[in-house]
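A.B. asks: Residue numbers (this note's numbering), protein chains in the order written: chain D, 1 to 324; chain P, 325 to 389.
Note that these hints are calculated values from the structure, not bench results. Note that the structure is a prediction, hence the values are computed from the model and not measured. One thing to keep in mind: the hints can contain errors.
Restricting the straight-line Cα-Cα distance to at most 20 Å, the calculated cross-link-like pairs of lysine to aspartate or glutamate (EDC-like) are [said to hold, decoys possible]:
| no. | chain 1 | residue 1 | chain 2 | residue 2 |
| --- | --- | --- | --- | --- |
| 1 | P | Lys326 | D | Glu186 |
| 2 | P | Lys372 | D | Glu9 |
| 3 | P | Lys326 | D | Asp189 |
Restraint ranges, calculated between C-beta atoms of paired labels, are given here [as the list claims (entries may be wrong)]:
| no. | chain 1 | residue 1 | chain 2 | residue 2 | range |
| --- | --- | --- | --- | --- | --- |
| 4 | D | Leu27 | P | Asp385 | 26 to 36 Å |
| 5 | D | Asp227 | P | Met325 | 24 to 34 Å |
| 6 | D | Leu69 | P | Arg339 | 21 to 31 Å |
| 7 | P | Glu341 | D | Pro18 | 36 to 46 Å |
| 8 | P | Val382 | D | Lys317 | 17 to 27 Å |
| 9 | D | Phe62 | P | Asp346 | 20 to 30 Å |
| 10 | D | Phe62 | P | Thr377 | 20 to 30 Å |
Ideal Cβ positions, reconstructed from N, Cα and C, are used throughout, including at glycine.
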Amino acid sequence: MKKNFPSPELPFAYRDQPLSGNIINGLGETNKRAATQIFHGSGARELEWSKLELFFGLINPFKVSWLNLVNRWMLRDADGRIAKRKRKITSHADITAEIKDLALSFGAGSVGTSPMIKEALYKGGEINYANAIVILYPMDSDEMQHVTTARAGTETMRAYMEISRTAIELSKKIRAMGWRARAYCEGADLLHIPLAINAGLGQLGKHGSLICREFGSSMRIATILTDLPLDHDKPIDIAVDDLCIGCRRCTIDCPVDAISDEKHMVRGDDKWYVDFDKCVPYFTEAVGCGICIEVCPWSKPDRGFSLSEKLLKKREKNKLKELK
Amino acid sequence: MKSFEEQFYIENPTRFEALKRDLLLLLWLFRRAIMWAGKGLIIRLAYKKAKNTGKPLVIEDLIKD
């Protein structure tokens, strides 16, 4: 799907390039360590690439910027009053099912639960809650066909707003039960993808985004951290790697060749990695880009479940062949 | 520096704390809106010009420390 995407020759550049984002991200590092904020920061520290981030914010179209401000205003309710009377939890399974039903009724497309894990924290962060409820919200596939334009950028911000609203409503319900709960959405001090993987919502794709069966990568993620006792979901294998290893859609269509066909060692983990220094300047130019998400075969509407099933069957078949 | 979360997420706030938070957040949003409309306009115009002329903008010249 080669469309008329913006040229990789960008109309802006740094005079003195900041420290490589790949170094900050720990590319090639074999020791495990926490991630460091680098772009779309929460404001916790002055980021090496903060000028580009500010530039991105200022060249964004009006509607995208406006929705971002409205979203930030909504996020004041991400935490709040906790009911004095704490609801007694007799069954973790029942309360988990109730919370999941609530999340879906508030508009979440998918929901999973995980214990809070240190991999979801940036450097210097602390675990202050026991559990995480991770929700996904799908983006409109028709709108996302217009990636690299203001139209898709607006759809992305709309999805951020919807998922913020859902996460905030759910956190309010939990606080009304007398338990601590805080919603983490856009611009938060939290890494959502490790939690989403641990909550059994999907796997990391070659393009560095979460892939789930329901929406592929065409969705946004939010997390509610809470002390409410919950049952935890288990990570799932939907055969993302089986496809990513051979599929080259995102690597070919990425105008700046930021996506690699091989996994890399990043902070002690061998995983898919996107070249920050190539990706983010183009992301800035292309209204949040999203080409890799849009072209990903998993992102085709209603494709994920059958694709996963097919790939898992193929894997089993190959295993049997090897045994014979 | 305080993060957005540290500034505006308050667990169990009193009414006064919530009101103070709301006012500070409104100020934070207002500053952002003014920056987008003021400095942002200058940058968007320069960006448009750079696109047309093919002469790239230098980020450090546009956004000072």
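A.B. asks: For each hint, tell me whether it holds in the structure or not.
C.D. replies: Results of checking the hints against the structure:
1. A C-alpha spacing of about 16 Å is found between Lys326 of chain P and Glu186 of chain D, which places the hinted pair at or below 20 Å, so the restraint holds.
2. Proximity of Lys372 of chain P to Glu9 of chain D is assessed by CA-CA distance (about 14 Å); at most 20 Å being required, the pair is judged to hold.
3. Between Lys326 of chain P and Asp189 of chain D the CA atoms are separated by roughly 11 Å; this keeps the pair inside 20 Å, and the hint holds.
4. A hinted range of 26 to 36 Å for the beta carbons of Leu27 of chain D and Asp385 of chain P is consistent with their spacing of about 29 Å.
5. At roughly 28 Å, the beta-carbon separation of Asp227 of chain D and Met325 of chain P lies within the given 24 to 34 Å, and the hint holds.
6. Remark: the range hint 21 to 31 Å for Leu69 of chain D to Arg339 of chain P is upheld by a beta-carbon distance near 25 Å.
7. With their beta carbons about 37 Å apart, Glu341 of chain P and Pro18 of chain D fall inside the hinted range of 36 to 46 Å.
8. The supplied range of 17 to 27 Å is broken by Val382 of chain P and Lys317 of chain D, whose beta-carbon atoms lie about 56 Å from each other.
9. For the pair Phe62 of chain D and Asp346 of chain P, the beta carbons lie near 24 Å from each other, so the given range of 20 to 30 Å is met.
10. The supplied range of 20 to 30 Å is met by Phe62 of chain D and Thr377 of chain P, whose beta-carbon atoms lie about 24 Å from each other.
Taken one by one, the earlier hints fail for this structure only at number 8.
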